[in-house]
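Go ahead and model the full structure; you've got the sequences and the hints to work with.
Protein chains in written order, with our numbering: chain A, 1 to 421; chain B, 1 to 421; chain C, 1 to 421; chain D, 1 to 421.
Just so you know, these hints were derived from the structure itself, not from any lab.
Be aware that one or more of the hints could be misleading.
As the list claims (entries may be wrong) - The calculated BS3-like cross-link candidates involving lysine-lysine, where the alpha carbons are at most 27 Å apart (straight line), are:
| # | chain 1 | residue 1 | chain 2 | residue 2 |
| --- | --- | --- | --- | --- |
| 1 | D | Lys418 | A | Lys418 |
| 2 | B | Lys204 | B | Lys375 |
| 3 | A | Lys375 | A | Lys204 |
| 4 | D | Lys204 | D | Lys418 |
| 5 | B | Lys418 | C | Lys204 |
| 6 | A | Lys204 | D | Lys418 |
| 7 | B | Lys204 | C | Lys204 |
| 8 | B | Lys204 | B | Lys418 |
| 9 | A | Lys204 | A | Lys418 |
| 10 | B | Lys204 | C | Lys418 |
| 11 | A | Lys418 | D | Lys375 |
| 12 | B | Lys418 | C | Lys375 |
Stated by the list, open to error - Among chain D residues calculated to face chain A with C-beta under 7 Å, some are:
| # | residue |
| --- | --- |
| 13 | Leu121 |
| 14 | Asp239 |
| 15 | Gly361 |
| 16 | Asp379 |
Just so we're clear, the structure is a prediction, and the values are computed from it rather than from any experiment.
Every residue gets a Cβ at the ideal spot worked out from N, C-alpha and C, and that includes glycine.
Protein chains: 4
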Amino acid sequence: MQDASLLQRYREVRAGTHSLVAPLSAEDCTVQSMTSASPAKWHLAHTTWFFERFVLARSDPAHRPFHPDFEFLFNSYYNAVGPQHARESRGLLSRPALDEATAYRTAVDERMLELLDRPTLAPDLGAIIEIGLNHEQQHQELLVTDAKHLLSCNPLRPAYNAEAASTRRTSTPRVQWLDFHEGVREIGHQGGGFAYDCEGPRHKVFVGEFHLADRLVTSGEYLAFMADGGYERPELWLDAGWREVQAHAWRAPLYWEESDTGWHEFTLGGMRPIDENAPVTHVSLYEADAYARWAGCRLPTEAEWEIGCASAPGSATCAHGFLESQNLHPVGAPDEVVRDTREAMGEVWQWTGSQFRPYPGYRPPEGAIGEYNAKFMCDQFVLRGASCATPRSHARITYRNFFAPDARWQFSGIRLAKDVM
Amino acid sequence: MQDASLLQRYREVRAGTHSLVAPLSAEDCTVQSMTSASPAKWHLAHTTWFFERFVLARSDPAHRPFHPDFEFLFNSYYNAVGPQHARESRGLLSRPALDEATAYRTAVDERMLELLDRPTLAPDLGAIIEIGLNHEQQHQELLVTDAKHLLSCNPLRPAYNAEAASTRRTSTPRVQWLDFHEGVREIGHQGGGFAYDCEGPRHKVFVGEFHLADRLVTSGEYLAFMADGGYERPELWLDAGWREVQAHAWRAPLYWEESDTGWHEFTLGGMRPIDENAPVTHVSLYEADAYARWAGCRLPTEAEWEIGCASAPGSATCAHGFLESQNLHPVGAPDEVVRDTREAMGEVWQWTGSQFRPYPGYRPPEGAIGEYNAKFMCDQFVLRGASCATPRSHARITYRNFFAPDARWQFSGIRLAKDVM
Amino acid sequence: MQDASLLQRYREVRAGTHSLVAPLSAEDCTVQSMTSASPAKWHLAHTTWFFERFVLARSDPAHRPFHPDFEFLFNSYYNAVGPQHARESRGLLSRPALDEATAYRTAVDERMLELLDRPTLAPDLGAIIEIGLNHEQQHQELLVTDAKHLLSCNPLRPAYNAEAASTRRTSTPRVQWLDFHEGVREIGHQGGGFAYDCEGPRHKVFVGEFHLADRLVTSGEYLAFMADGGYERPELWLDAGWREVQAHAWRAPLYWEESDTGWHEFTLGGMRPIDENAPVTHVSLYEADAYARWAGCRLPTEAEWEIGCASAPGSATCAHGFLESQNLHPVGAPDEVVRDTREAMGEVWQWTGSQFRPYPGYRPPEGAIGEYNAKFMCDQFVLRGASCATPRSHARITYRNFFAPDARWQFSGIRLAKDVM
Amino acid sequence: MQDASLLQRYREVRAGTHSLVAPLSAEDCTVQSMTSASPAKWHLAHTTWFFERFVLARSDPAHRPFHPDFEFLFNSYYNAVGPQHARESRGLLSRPALDEATAYRTAVDERMLELLDRPTLAPDLGAIIEIGLNHEQQHQELLVTDAKHLLSCNPLRPAYNAEAASTRRTSTPRVQWLDFHEGVREIGHQGGGFAYDCEGPRHKVFVGEFHLADRLVTSGEYLAFMADGGYERPELWLDAGWREVQAHAWRAPLYWEESDTGWHEFTLGGMRPIDENAPVTHVSLYEADAYARWAGCRLPTEAEWEIGCASAPGSATCAHGFLESQNLHPVGAPDEVVRDTREAMGEVWQWTGSQFRPYPGYRPPEGAIGEYNAKFMCDQFVLRGASCATPRSHARITYRNFFAPDARWQFSGIRLAKDVM
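So, in structure tokens, the structure goes:
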């Protein structure tokens, strides 16, 4: 019999997605709040279609699709598979109903579990199922951040879960600067365990001496940047960033609102006063970059980040603040975690100063799966780490997340680096 | 005791709206397919807010709103009342849920029925309730046309009601031209019965001799226009219309689709082959005007329309094809209705060549209700008659409906007029 | 020999256009400041093309165009003639140079004068030449208003002619209300003299009793409207107008600027302090309508305007303030003009409350000339009178000018009407 | 006495700019064809303002500006200096006239030459004058490419210079692949000679083994890509590139037009048949990247490019095809140049796969000059080499040019690289 753990993981991941929509109504699951975000219902169906199309249809030539139109409706961007429903129109799909999307999940799960229960599984199917599970975990995070965006657009400011965002750190640890010497290092994924194509090949890079902050920038620190005219001083900004500031009248991170009683932020638990001890989040690359310049620092390159966070003792284990905690808001690693890279993973994604380009020697996989990452290697910046909406088992030191530099609706934050002078 | 019929009508109209959403899911009721259209849930709540704000809050100074934010969310455009949620964002409101909107209706209905059951009712309240009921009937029609638009955006082309659009006329009556002599006539509302402010004052107009077609233009006739290059010949079009044709690649009425088996149209009963005997519908003023020019005719002015349709014996009684028939698609008056203005009311709204401007001596009512029609007296054309989505009791010979000249999602059609030469 | 006056008028009108570009550089003549406006060079060439295409090419079958591409470049909107260079791209034509456009004028003038000097002229050619001269006079006004718009976009605020806008009225005459009784009247052009197709046929209208102000609204009165919150009170505005106010942050007429020393306006003579005695100008239909509502009045219909201005003794003769005065800015008729409709023509165009639609019995001429007015009979409001940029001989009591309700770059102003109560 | 060569270079560079506008009329020099391009008149004045503001005003505290508004009008993007006239409105400036811009140049040149003729010059002024000359050379290239774009928008397709683009290569050299071994190398500027801030600091990079083509891709090769469905196959494109292809209906490089007699391209000499032997140009990064993928190759990183082109014997000297040749169109290096990196510099800029980010240890200069490059280090790709519109003395092996990935109006082309497998 084949790997029992794959079957078990399939059950767990799929159930995890299901649990994320529990606090949402059918209406919540249907609306699309902006082109970059998708309705929860679409996430439910698209992740299901992924298994149907890339596993079931391949493993059984006689496979009949659950619904003849679902491939068109729920193919996200795989041109090799065929044409797709327009991304900006996903919110027009009041049908299929949430119930039908759920039924679709159930039907595909039945066949998938049957497949996974067979004595043997073709190796390529195992690999693609592994991708499918990681794919679904990515969509779990998007489902949460997209739901947050939708709820934030509602003047009622409804909570996703009233318990969320209720944990707070009691103080802000002093920043310590970790030193790294120059030299040829290796970064990128190699060997056992799952990784996306874009995380490899593992390759040599030359890195000069640098310092890396041992913790994330906090909301309190970010407030000081704001108080110092951060959003009014063009000299702090990249030109494209300054244009965004002007065009959209940015004066604080996304979801922040100022009232008579000070700054508050919309969280998945509803409106909350700003927690000055917590890592700042919902900032764009532009804001992260401007903050770093204001602080006399810079953002790390992705190589520096990977070298820095990989080499710090215990970095991988000390992280907390993943999706499973259900706090769904960054808190910051507690004080007792010492001599370490706090929040190496979890809490918030960390903008790097590196644009998302292929690693030396990279080749996309054959077929539609080759579109998964490769065609986006342009116009986006790499974020490293993971966030409070990332499933724990989805985080990796070599993980390359990427978003456009103006994106703010992800749990994105800031870790500083600086040159040695 | 006061007028029992008002209470009775209140019950009927409100129940009527409720029945219209029965075929729709919570998801259907939430999505907004374009800025001009509103979600069904919004229609349910807005019409309720109208009674709460203009009747309950006035009749009882101690009235506490059902929800503190509903005035902001469900005030459509009454600046005199206060600021409003942006029209284009109505579809972002996944909350309040459909259930809450329904609870809102129930709560307001209870208080309204209590009020209507009292021995006396202040006359101004009676008048505003009458407006509120007519207002709700207008929204019933919009709810249907907005739902049709939403469903049409779905690649699944789902039916609102599979029984709709199943009645068909078996032949097309021959057109007869009704003659009207020149002279000073009167048009506009006067005397008993409800009418909107913009339908009066009744006033004299001078009208030259003209001919009016005794029936509506059919889809079969419109197909001949299309076959004769109607959408490719700029000389047939108003300049603004020709720009729409180019910009949106119009080549048929809205909802028409050409396939290997000929032209079909999306109806509230799903996709149907074009019925050549039925009145053409879902055409803009531009298309109506171009068709008329192609046919060597013109659109009637609204004075001509009112004179022509009011004077034809039996015009008011022969009409059929209102909302109550539940066909929700034009059929055309049957052959046995002779010597008459067929389809004077019902089937489809009829574009006139008149722009919506105030009648001589018109003054808008005081207060917020003055915004109901007056501020829209610009940039819109008048449509007369009524449609298969209009409640029967809402149709009037003096009724002035109005839409922008590029609007196509209403049940709008064409009656021809011509000069006497 | 044919009508010598036509030859004489041809010379005068063509020379008049030439004199208007004298204060402009080649650069000024080339730039297009917005889609609605055209470069002076384009006006020079387009009016020339009109004679070449509609007169020379018709009168001589062997006519060879001056330049093979000029028909494409300088046909404005005659679809019956052929495709046209995109209106919004007229400012990209740095070639042909101004010199070439002038050479084009000279060449066509030579042939035209030769034609006009012949003993006989086909009657239809005479008629089209008459249209061509009126057409050119229209473009003279546009050339001036388009140049004003261009210069206003320049932070240097350069004057077209430093002498312009230097005449001022010393006081504001008291408003007197002229009374007109109800009845069937006739409006529209008939009989001798040139008129555009859209000015006829002369026809009967029924008009109720009304009052018409004997003079135009002044800038001083408009300042009072502004001081009373005119631009901040939605109840004064048409809905479409209020949206313009919001979208473009309107708070004064076009070209007005507030400084430490009060309100100034950009004129063709450069920046000038507001003249409170002069008729207000550069207002949209929306502003004219809002002002009238604020003043407890309304705009006249075009029938009322024509009846009122035609019947006032001496109205046609007392007007001054045309293009020939070279003041190029409204002044207002002087006090000694009594018991009259001051500024019936000249000074500023007067917005009416009537949308531009065909008169009863109107038929556009055959051929391309039929596009001159007919296809624009939609979405525009009629302005009556004439302005300080209109050639004197171009003004007529039946003249129907028309612009979109948001247009402000013409010399457009306000005359009030009111109902008798 | 100070460096005589600086005075001499000042004279030459300034005169060179002047000669570039000789073929252009005042109208040509005024129009702006798109936001990214500037009118020639603006280039003339802006480069002059650069010397006035950064040299004259610094060297003489009593300096009075030539015109009080020119700083506002001709400051391109230096926020540290003050607010700027909107970039997209540069074409509205019909004033100052071309003559005034020329007078401005003369006046500033007089003072600059006086300054340069003094016995000593403060070292910081010498450095900024050096930047100013390089800045002006950059604008010489932009002046040419912007003029080309403007003329291309004119349906007359006028030539800038009828002699341009008349040289042709008679054959296409066979591609040879140059091999480079892996290792730590150094790139970036160091030591003597002028370089922009962004070209340094010189720093170590690790580069794996790679192959670099010894010549540029030709139009003939690009035609094969087109013939093979290059613009219709999404799998060849970056996602953002494919969206551009769809949105703008790209099917060939900019300026290419297909006619009955095959493909032609607009050049500064007018329309010319495609020269299959010449390097392809006017392609975006997206097209360069798609072509490379189609060819089974990739674009070089900027490190690979610099290593490859710097190390090839004679690479710097064999290049021809700069601005001075006045051909203003790529030709390709002739066959007799063997065992070399053909067209290392000159002919067309070469897209690299590297986004424009700061080199390790980079710090922008203090003050306004710090905005020269630093704030654009985002969202742009690096191009290396130089083009037929680059002044010879402006080309450098370490030069980092940068444009957005969709830019096509520069002389941009393709050199291929590939991995060793």
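Practice item. Tell me, in ascending order, the numbers of any earlier hints that this structure violates. Key: 1, 13
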